[in-house]
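Quick note, the numbering used here runs 66 ahead of the 1-based positions in the sequence shown.
Take these hints with a grain of salt, some might be off.
Said to hold, decoys possible - The following label-pair restraints were derived from C-beta to C-beta distances:
{"#": "1", "residue 1": "A387", "residue 2": "T277", "range": "51 to 57 Å"}
{"#": "2", "residue 1": "F469", "residue 2": "L242", "range": "48 to 54 Å"}
{"#": "3", "residue 1": "I183", "residue 2": "R269", "range": "32 to 38 Å"}
{"#": "4", "residue 1": "L242", "residue 2": "G365", "range": "42 to 48 Å"}
{"#": "5", "residue 1": "T445", "residue 2": "H121", "range": "21 to 27 Å"}
{"#": "6", "residue 1": "V170", "residue 2": "Y280", "range": "18 to 24 Å"}
{"#": "7", "residue 1": "V446", "residue 2": "L339", "range": "28 to 34 Å"}
If you are wondering where the hints come from, they were derived from the structure by calculation, not from laboratory data. Heads up, the beta-carbon is just placed ideally off N, CA and C, and yes, glycines get one too.
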Amino acid sequence: MSGNGEAVSRRAEARSGDGSTSVLSRGVVILFAVACGAAVANVYFSQPLLVTMGHDLAMSPALVGSVVTLTHVGYGLGLFFLVPLGDVADRRRLIVAQLLLLVVALAVVAAAHTAAILLAGMAATGLLAVVTQTLVAFAASLAPPAGRGRVVGLVTSGVVIGILLARTASGLMADLAGWRSVYLASASLTTLLVLVLYRVLPRHSDAPPTTLRYGQLLRSTITLFARERLLRLRALFGLLIFAAFSTLWSSIALPLSGAPYFLSHSAIGALGLIGVAGALAATVAGRLNDRGLSRRTTGIALALLAASWLPLAFTRSSLWALVVGVILLDLAVQAVHVTNQALIYALHPDAGSRLIGGYMVFYSIGSATGALVATSLYTVAGWGAVCTLGAAFSCLGLVLWAFTRHSTPDPAGKATSCSEV
67 MSGNGEAVSR RAEARSGDGS TSVLSRGVVI LFAVACGAAV ANVYFSQPLL VTMGHDLAMS
127 PALVGSVVTL THVGYGLGLF FLVPLGDVAD RRRLIVAQLL LLVVALAVVA AAHTAAILLA
187 GMAATGLLAV VTQTLVAFAA SLAPPAGRGR VVGLVTSGVV IGILLARTAS GLMADLAGWR
247 SVYLASASLT TLLVLVLYRV LPRHSDAPPT TLRYGQLLRS TITLFARERL LRLRALFGLL
307 IFAAFSTLWS SIALPLSGAP YFLSHSAIGA LGLIGVAGAL AATVAGRLND RGLSRRTTGI
367 ALALLAASWL PLAFTRSSLW ALVVGVILLD LAVQAVHVTN QALIYALHPD AGSRLIGGYM
427 VFYSIGSATG ALVATSLYTV AGWGAVCTLG AAFSCLGLVL WAFTRHSTPD PAGKATSCSE
487 V
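Could you put together the complete structure from these sequences and hints?
This is the structure:
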């Protein structure tokens with residue numbers, strides 16, 4: 067490890083199948099979490115700003131809507147085409163390079179004076195924001211097997227906070243200094259993170275990079291799904307929980323902006339602050355996974371996810387019911403998500419980037435499905451139908467867990483001496 071890396075992490079011999087591993091200090095793990103949150107927030111900044119962007123650049127409503135679509139399309143492409151590079155390249159250099167390119171993309175968005183430039187910048191921003199998943203894979207590779215769940219949980223808590231606070235922060239900044247200030251501030255923060263990460267991150271991990279060529283690398287991602295039943299199962303869990311998550315967060319503004327509440331956009335955006343409770347679930351779920359309780363954690367979390375839609379169904383008559391439902395839903399989703407990531411990484415640590423990138427493709431599919439169906443359903447059948455949809459996604463996940471909980475071995479069993487999934 068380089069001298070810079072030694073300032074914040076140390077080497078230790080871990081007597082496990084993985085050999086020696088890098089034991090991270092809590093400060094470095096927090097740095098990973100901050101970097102992840104800052105990067106992924108760029109995908110969500112635009113959502114409260116669409117109307118202002120449209121007026122500023124004289125964009126039609128349909129064209130304004132494509133801002134979010136292109137950002138997520140870019141993110142989905144990045145998950146498949148960029149994240150796997152972490153298995154063949156020096157992750158430290160890859161992270162720094164992606165963040166530098168992200169700064170350029172954010173500057174393009176901030177300076178855009180035509181719709182075409184804005185859309186190109188947003189697509190590039192989404193593509194490069196997948197550095198979040200490269201950071202997660204890197205953190206997991208540096209953690210000892212017995213503490214990997216804890217590290218993944220802490221880093222994922224940064225992702226959770228970044229996603230949930232992005233809308234609130236961008237709305238407040240836009241009110242104070244205009245929508246362009248949001249992307250200028252993000253570019254500045256990202257530049258600072260580049261300087262810090264360049265000095266802090268270790269220059270290499272213990273596992274040597276694979277020698278696969280790029281085309282072989284992408285094909286091997288598909289091969290991993292064909293070969294690993296646990297990966298397919300956990301990817302399905304990811305699709306279903308994020309379909310439920312997106313069902314709520316893509317449509318909640320609709321009932322709150324109408325009778326009887328008529329809440330402002332700022333007030334609705336502040337609802338994301340409640341969801342930060344999910345960050346707690348991320349850290350706790352990681353520790354439970356390290357103790358070999360992944361199967362039980364998954365089952366309890368999926369049950370809570372299904373139950374969360376009962377109080378959410380009373381949103382129109384009680385804001386307190388909404389608060390309870392949001393807390394339960396976010397706790398459940400993050401608990402399953404962290405457990406998924408810790409388990410699939412343990413399958414093949416040398417292919418960690420491909421595993422996490424492939425898994426996150428299913429996350430994107432679930433998020434897009436939930437958003438598209440929920441908003442359309444609300445227009446036709448109202449909030450009750452949206453809650454029924456979210457409960458259906460959640461119950462499907464619980465049923466899937468019930469039928470598969472005894473049939474898949476735990477790849478972390480070597481480290482935890484437990485066979486739970």
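Exercise. Can you give the numbers of the hints that this structure goes against, from lowest to highest?
Worked result: none
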